[in-house]
Amino acid sequence: MTHAIRRAPARIATQAATTIVATAVLASTLLAAGSAHAAVGAPTPGFGGSMTDIAYGNGGNIFQLEPMLFVLGLGSSGNPQTVANRNAALQYSFAVSGADTGLMTIEYSVRNTSAIVSFEQLRLMVYANPDGAADFSDVLTQTWGSAITGDPILREGRAFVDPVSGILPGFGLNNNLSEGPPAIDAACTAAPGCDATVGLQWNAPLLAPGETFRVRLGLSDDGQALSGRFLQATAVSDPGTVLTLSGISAIAPVPEPGAVWMLLAGLGALGALARRRQAG
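In the working numbering, the protein residues as written are 1 to 280.
It is worth saying that the hints were derived from the structure and are not from the lab.
We put the CB at the ideal spot given by N, CA and C, even for glycine.
Errors might be hidden in some of the hints.
For each label pair, taking beta carbons as the anchor points, the in silico distance ranges come out as [what the hints assert, rightly or not]: (1) Ile153 with Ala187: 51 to 57 Å; (2) Ile148 with Ile116: 29 to 35 Å; (3) Ala252 with Val161: 32 to 38 Å; (4) Glu179 with Gly223: 22 to 28 Å; (5) Arg86 with Pro192: 40 to 46 Å.
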């Protein structure tokens with residue numbers, strides 16, 4: 001894939017994005033600070049949460065946003081929908097909210113519907129290919145302190161390369177992000193910057209029966225962040241176009257037995273009431 005294709009007219013760019021989606025790769029949370037735009041445009045959706053053409057800042061465009069999932073025992077990593085389909089007990093979904101506002105979020109969910117089987121070593125990686133301006137040049141910075149619950153585990157920032165190498169194929173090969181050294185290419189950390197790509201990863205060591213692994217990603221260009229660990233991409237030619245990548249994960253527990261029984265009792269009462277009405 002060449003830069004000429006990446007900045008082609010909308011129709012050609014959409015065709016190229018469709019080809020990318022067909023390769024089944026991964027998505028992320030992006031936040032920007034200090035932009036005059038203060039709204040993240042609605043994305044073009046693709047397969048399993050893959051998205052393209054997300055406007056931000058004064059002229060930025062997230063050309064490619066891809067989620068990838070790995071689950072121990074289900075083979076190599078890939079698009080979350082594809083990976084989940086390898087076992088009928090897993091259910092995958094995603095939801096977008098806040099489009100055309102200062103903070104757009106994407107929530108990815110992997111649910112274990114089995115009553116007896118657990119899944120191990122889930123890893124969700126989100127990859128983003130932001131173009132802060134027409135010259136593609138961005139400077140990457142990071143805030144990466146000690147992890148707290150829900151923070152991303154790994155991060156990576158690399159200059160754009162063809163699909164034979166880079167963040168996406170690296171995750172597909174190793175089922176993990178590589179933190180380098182260095183975690184972020186040195187050439188991308190100062191002017192003149194680089195054509196930057198970034199990735200964030202969250203892990204769930206165990207997904208027990210009934211539990212759901214959720215990763216909430218955010219895209220913002222008004223300075224909002226979802227966690228204390230994040231990456232930023234600042235357009236070299238427009239310092240007001242800044243994209244901050246962040247997110248947070250959680251394991252949603254199985255509902256308490258009492259709550260389940262209350263729900264069932266409520267449904268039973270509604271059914272009884274409906275039957276009495278029909279009988280009357």
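Okay, the hints, checked on the actual structure:
no.	hint	result
1	Ile153 with Ala187: 51 to 57 Å	violated (25 Å)
2	Ile148 with Ile116: 29 to 35 Å	holds (32 Å)
3	Ala252 with Val161: 32 to 38 Å	holds (37 Å)
4	Glu179 with Gly223: 22 to 28 Å	holds (26 Å)
5	Arg86 with Pro192: 40 to 46 Å	holds (44 Å)
Figure legend: structure checked against the earlier numbered hints; the only hint not met is number 1.
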